[in-house]
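K.L.:
Next come the chains, spelled out residue by residue.
There are 2 protein chains.
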Amino acid sequence: MKNLRINKKRLIDRINTLSQIGRNKNKELTRLALSDEDRKGRDQLKAWFGDLDLKFELDQFGNMFGTFQSEENKNEKPLMLGSHIDSVIDAGIYDGVLGVVGALEVVQTIKEEGMTPSRPITVAAFTNEEGVRFPPSMLGSLVYSGDLSIEEALDTVGMDGKRMGDELERIGYKGENLPGFIKPEWYIELHIEQGPILEKENTQIGAVYNLQGNSRREITFTGQANHAGSTPNKMRKDPMQAFSYFSSSLFNYINDNELDTVATIGSIKLQPNAATIIPAKVTFTLDMRSPEQTGFDHAQQFVRALLKEIEDDGKYGVNAREFAIFDPVIFDEEIGDTISASAEALGLSMKKMTSGAGHDAQMINRIAPAAMIFVPSKDGVSHNPNEYTSDEELENGVNVLLQTSLTLLSKSK
Amino acid sequence: MKNLRINKKRLIDRINTLSQIGRNKNKELTRLALSDEDRKGRDQLKAWFGDLDLKFELDQFGNMFGTFQSEENKNEKPLMLGSHIDSVIDAGIYDGVLGVVGALEVVQTIKEEGMTPSRPITVAAFTNEEGVRFPPSMLGSLVYSGDLSIEEALDTVGMDGKRMGDELERIGYKGENLPGFIKPEWYIELHIEQGPILEKENTQIGAVYNLQGNSRREITFTGQANHAGSTPNKMRKDPMQAFSYFSSSLFNYINDNELDTVATIGSIKLQPNAATIIPAKVTFTLDMRSPEQTGFDHAQQFVRALLKEIEDDGKYGVNAREFAIFDPVIFDEEIGDTISASAEALGLSMKKMTSGAGHDAQMINRIAPAAMIFVPSKDGVSHNPNEYTSDEELENGVNVLLQTSLTLLSKSK
Numbered sequence: 001m002k003n004l005r006i007n008k009k010r011l012i013d014r015i016n017t018l019s020q021i022g023r024n025k026n027k028e029l030t031r032l033a034l035s036d037e038d039r040k041g042r043d044q045l046k047a048w049f050g051d052l053d054l055k056f057e058l059d060q061f062g063n064m065f066g067t068f069q070s071e072e073n074k075n076e077k078p079l080m081l082g083s084h085i086d087s088v089i090d091a092g093i094y095d096g097v098l099g100v101v102g103a104l105e106v107v108q109t110i111k112e113e114g115m116t117p118s119r120p121i122t123v124a125a126f127t128n129e130e131g132v133r134f135p136p137s138m139l140g141s142l143v144y145s146g147d148l149s150i151e152e153a154l155d156t157v158g159m160d161g162k163r164m165g166d167e168l169e170r171i172g173y174k175g176e177n178l179p180g181f182i183k184p185e186w187y188i189e190l191h192i193e194q195g196p197i198l199e200k201e202n203t204q205i206g207a208v209y210n211l212q213g214n215s216r217r218e219i220t221f222t223g224q225a226n227h228a229g230s231t232p233n234k235m236r237k238d239p240m241q242a243f244s245y246f247s248s249s250l251f252n253y254i255n256d257n258e259l260d261t262v263a264t265i266g267s268i269k270l271q272p273n274a275a276t277i278i279p280a281k282v283t284f285t286l287d288m289r290s291p292e293q294t295g296f297d298h299a300q301q302f303v304r305a306l307l308k309e310i311e312d313d314g315k316y317g318v319n320a321r322e323f324a325i326f327d328p329v330i331f332d333e334e335i336g337d338t339i340s341a342s343a344e345a346l347g348l349s350m351k352k353m354t355s356g357a358g359h360d361a362q363m364i365n366r367i368a369p370a371a372m373i374f375v376p377s378k379d380g381v382s383h384n385p386n387e388y389t390s391d392e393e394l395e396n397g398v399n400v401l402l403q404t405s406l407t408l409l410s411k412s413k
Numbered sequence: 001m002k003n004l005r006i007n008k009k010r011l012i013d014r015i016n017t018l019s020q021i022g023r024n025k026n027k028e029l030t031r032l033a034l035s036d037e038d039r040k041g042r043d044q045l046k047a048w049f050g051d052l053d054l055k056f057e058l059d060q061f062g063n064m065f066g067t068f069q070s071e072e073n074k075n076e077k078p079l080m081l082g083s084h085i086d087s088v089i090d091a092g093i094y095d096g097v098l099g100v101v102g103a104l105e106v107v108q109t110i111k112e113e114g115m116t117p118s119r120p121i122t123v124a125a126f127t128n129e130e131g132v133r134f135p136p137s138m139l140g141s142l143v144y145s146g147d148l149s150i151e152e153a154l155d156t157v158g159m160d161g162k163r164m165g166d167e168l169e170r171i172g173y174k175g176e177n178l179p180g181f182i183k184p185e186w187y188i189e190l191h192i193e194q195g196p197i198l199e200k201e202n203t204q205i206g207a208v209y210n211l212q213g214n215s216r217r218e219i220t221f222t223g224q225a226n227h228a229g230s231t232p233n234k235m236r237k238d239p240m241q242a243f244s245y246f247s248s249s250l251f252n253y254i255n256d257n258e259l260d261t262v263a264t265i266g267s268i269k270l271q272p273n274a275a276t277i278i279p280a281k282v283t284f285t286l287d288m289r290s291p292e293q294t295g296f297d298h299a300q301q302f303v304r305a306l307l308k309e310i311e312d313d314g315k316y317g318v319n320a321r322e323f324a325i326f327d328p329v330i331f332d333e334e335i336g337d338t339i340s341a342s343a344e345a346l347g348l349s350m351k352k353m354t355s356g357a358g359h360d361a362q363m364i365n366r367i368a369p370a371a372m373i374f375v376p377s378k379d380g381v382s383h384n385p386n387e388y389t390s391d392e393e394l395e396n397g398v399n400v401l402l403q404t405s406l407t408l409l410s411k412s413k
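First to last, the protein sequences are chains A and B.
Residues 1 to 413 in UniProt numbering are what the first sequence spells out, letter by letter.
Residues 1 to 413 in UniProt numbering are what the second sequence spells out, letter by letter.
Any given hint might turn out to be false.
Copies of the same chain look alike in the list, so a pair counts if it works inside one copy or between any two.
[Unchecked claim] Lysine to aspartate or glutamate pairs mimicking DMTMM-like chemistry, simulated, CA-CA at most 20 Å apart:
#, residue 1, residue 2
1, K237, D256
2, K269, E218
3, K74, E201
4, K237, E258
5, K40, E28
6, K315, D13
7, K77, D260
8, K77, D51
9, K111, E311
10, K411, D90
11, K351, D332
12, K281, D260
13, K234, E201
Calculated directly from the structure, the hints in this document are not laboratory data.
Construct the complete structure from the given sequences, taking the supplied hints into account.
P.N.:
If you want it as structure tokens, here you go:
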């Protein structure tokens with residue numbers, strides 16, 4: 001089986017097919033979770049499951065599964081391969097899609113070879129990984145892991161005021177199965193890196209052994225609006241002054257520190273946002289990531305202390321909504337080593353690495369051994385139409401997924 | 001004449017009449033320059049000019065004048081009293097209106113007393129003081145002062161893409177006279193303070209001897225968008241890091257300095273403005289004001305040097321559009337002292353002060369001696385429906401305007 005290879009053309013065709021589902025008039029790709037565009041993407045995936053005679057199953061949160069099984073292996077825990085097919089606004093075509101379509105390709109390759117693996121292989125597509133319409137991200141796999149109740153998750157209200165449960169029923173993808181109903185033996189997620197490391201180091205495959213801790217907050221400083229007249233800055237309750245103090249203190253901390261924590265203030269909103277009016281309110285998001293628990297905890301403490309300092313000053317109202325605090329994740333070493341060995345056996349350059357972004361694998365890792373495979377992202381760009389990975393690099397990634405799967409399947413029992 | 005007083009009821013009635021012109025469905029008052037609402041306000045003012053038999057004149061930029069004159073004094077340079085009647089969006093009812101309606105009230109009081117002053121008295125309402133629809137602000141009085149050509153000013157394009165010259169003709173307020181055609185002997189502008197000082201110090205009248213220098217910029221830092229993943233902050237081209245450095249350096253400079261300069265970052269926009277994406281671009285406004293030329297110049301130098309430092313760092317694109325740099329203004333001391341003396345003679349508490357906001361008086365000061373009278377603004381609030389000055393405080397201000405006018409008119413010749 002070491003010589004078995006996937007079909008590159010079929011892989012690329014499927015990526016291209018999905019890339020056309022959800023284009024608006026301006027040709028922008030937007031397949032937000034539980035939108036009509038997401039439904040069309042799901043319909044396509046379901047059709048592919050049908051083409052390959054996979055057993056289609058849906059859970060109550062809309063997580064989709066297509067299982068290749070036989071009479072002999074159907075009672076074994078499956079190998080699960082997957083990712084997600086929802087997207088951000090004006091997205092690229094690879095994020096998430098590669099892991100699902102790559103999994104389909106692995107199954108089809110094995111199937112066409114006439115093999116009967118020791119275990120079923122399940123292709124998974126998790127609901128709302130991006131969290132753009134319904135924050136937070138990775139909600140489908142979080143629910144699947146059992147760490148958020150299905151009732152609470154279905155009550156999530158989106159940016160557009162719609163309830164997830166209602167939208168799920170509307171698009172016809174609310175299933176009967178309880179989340180977590182298929183407990184895999186292993187979970188592997190192939191994904192584009194969404195960072196610059198592999199490309200910069202001219203490396204073809206990333207074997208992902210761990211994943212950065214990620215915290216996301218929405219922070220509001222409230223002051224008092226006023227005309228930008230003569231009131232001395234010290235006497236003002238100008239929340240932009242609080243923000244400047246906060247953000248510069250934070251970036252200084254991050255840049256002076258060797259703990260590998262990164263911080264992003266990606267969005268900000270002033271009220272009323274007019275040139276000659278001191279704002280009443282500044283609301284912004286803070287995303288922080290650390291590969292190690294120590295650095296992660298230290299950064300969380302730093303931010304909480306800084307917010308308390310500003311609040312204790314008494315001038316500003318401070319509200320910090322911590323809407324995702326995910327500790328760093330250590331993936332399964334056996335799967336990581338199998339990925340590393342498979343890449344090397346295929347003659348591909350390989351790097352053992354940390355994921356900078358969050359992925360469904362970190363949630364599934366809570367209920368089963370999991371790990372990830374990365375392929376290069378041009379310029380590290382993602383969440384953007386310029387997201388790019390060459391066809392050959394995609395092919396390499398899926399071949400590593402195939403060989404890793406075969407090795408794991410040959411190990412069992 | 002020292003006992004002559006204005007008619008409070010008539011004053012308040014006129015303010016209330018104008019306050020109803022330009023209300024939308026939500027009862028919000030918006031009388032943007034050269035809009036249909038502005039036209040209706042102008043029609044009302046013109047009707048009042050007619051009621052008082054004032055000579056109505058219009059210049060080519062729509063600045064409106066109503067002159068009370070006699071055969072004996074018509075060749076003398078007039079005393080000019082005025083302000084503006086255009087408003088911001090969702091405005092208060094006093095800003096600008098008080099100076100125009102107060103001038104009408106002064107003229108009517110003198111007229112009804114049967115006096116023939118030594119000079120004509122001209123009531124002025126300048127076009128587009130607010131600059132909300134057509135930036136920059138104070139454009140009508142700037143053109144009137146001769147420091148911007150009428151051709152260039154008429155070509156100003158508004159936020160809605162409309163050209164001022166076209167809109168002026170559309171509403172029927174483009175006159176024949178050249179801006180500056182009436183050169184006053186003195187100009188006095190009565191205005192609400194738009195700041196908290198008078199109210200805080202429990203003072204009824206501000207005699208305004210000078211006006212803060214005001215600079216307004218729109219600054220853009222351009223970096224490179226990317227996923228908020230693992231790229232170390234130091235390696236990112238994150239324009240929010242540049243902004244944090246800029247804003248904290250600026251506020252530290254302002255707060256550590258005794259030069260009385262104030263700075264407001266009132267609006268900001270990130271692109272793409274998403275929690276998990278390092279922004280490509282940060283655009284924000286910076287408004288700075290200083291009462292003294294030295295402090296004003298020093299702050300301008302500080303900002304330019306700080307921007308150059310960020311640009312020289314080589315990481316970011318820096319674009320700073322200086323769309324208004326108005327030096328501090330020293331008003332006419334004789335008028336200021338006459339205002340002070342008039343307030344005291346009326347038994348009102350009085351403070352010699354600096355204007356924090358820009359006003360038409362600063363432009364007219366370039367062609368004639370000018371000064372201003374302030375009355376208190378509750379909580380310093382302006383450009384807002386909560387703008388409030390009590391009827392009695394308004395009355396006080398107009399009585400000071402009347403007595404100052406009488407004193408100046410008695411001095412001449």
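K.L.:
Compare the structure with each hint and give your call.
P.N.:
Results of checking the hints against the structure:
For the homomeric pair K237 and D256, the shortest alpha-carbon distance between copies (17 Å) is at most 20 Å, but the shortest distance inside one copy (29 Å) is not. Taking identical chains as interchangeable, the C-alpha atoms of K269 and E218 lie at most 20 Å apart whether they share a chain (11 Å) or sit on different chains (17 Å). For the identical chains of this complex, K74 and E201 are neighbours neither inside a copy (42 Å) nor across copies (84 Å), given an alpha-carbon limit of 20 Å. Taking the shortest alpha-carbon separations for K237 and E258, only the inter-copy value of 19 Å comes in at or below 20 Å, while the best intra-copy value is 34 Å.
Taking the shortest Cα distances, K40 and E28 sit within 20 Å of each other inside one copy (16 Å), while across copies they are farther apart (44 Å). When the C-alpha separation of K315 and D13 is checked against a cutoff of 20 Å, the pair qualifies neither within a copy, at 58 Å, nor between copies, at 39 Å. For a Cα distance limit of 20 Å, the shortest separation of K77 from D260 qualifies neither inside one copy, at 37 Å, nor across copies, at 73 Å. In this assembly of identical chains, K77 and D51 lie within 20 Å of each other by CA distance neither inside one copy nor across copies; the values are 23 Å within and 93 Å between.
Within a single copy, K111 and E311 get their C-alpha atoms no closer than 61 Å, and across copies no closer than 58 Å, so neither meets the 20 Å cut-off. Neither within a single protomer nor between protomers do K411 and D90 lie at most 20 Å apart by alpha-carbon distance, with minima of 42 Å and 71 Å respectively. Taking the closest pair of Cα atoms, K351 and D332 come within 20 Å of each other only inside a single copy of the chain (16 Å); across copies the shortest separation is 75 Å, beyond that limit. In this assembly of identical chains, K281 and D260 lie within 20 Å of each other by CA distance neither inside one copy nor across copies; the values are 31 Å within and 24 Å between.
For the identical chains of this complex, K234 and E201 are inter-copy neighbours only, at 18 Å across copies versus 49 Å inside a copy, given an alpha-carbon limit of 20 Å.
Figure legend: structure checked against the earlier numbered hints; hints not met, in rising order: 3, 6, 7, 8, 9, 10 and 12.
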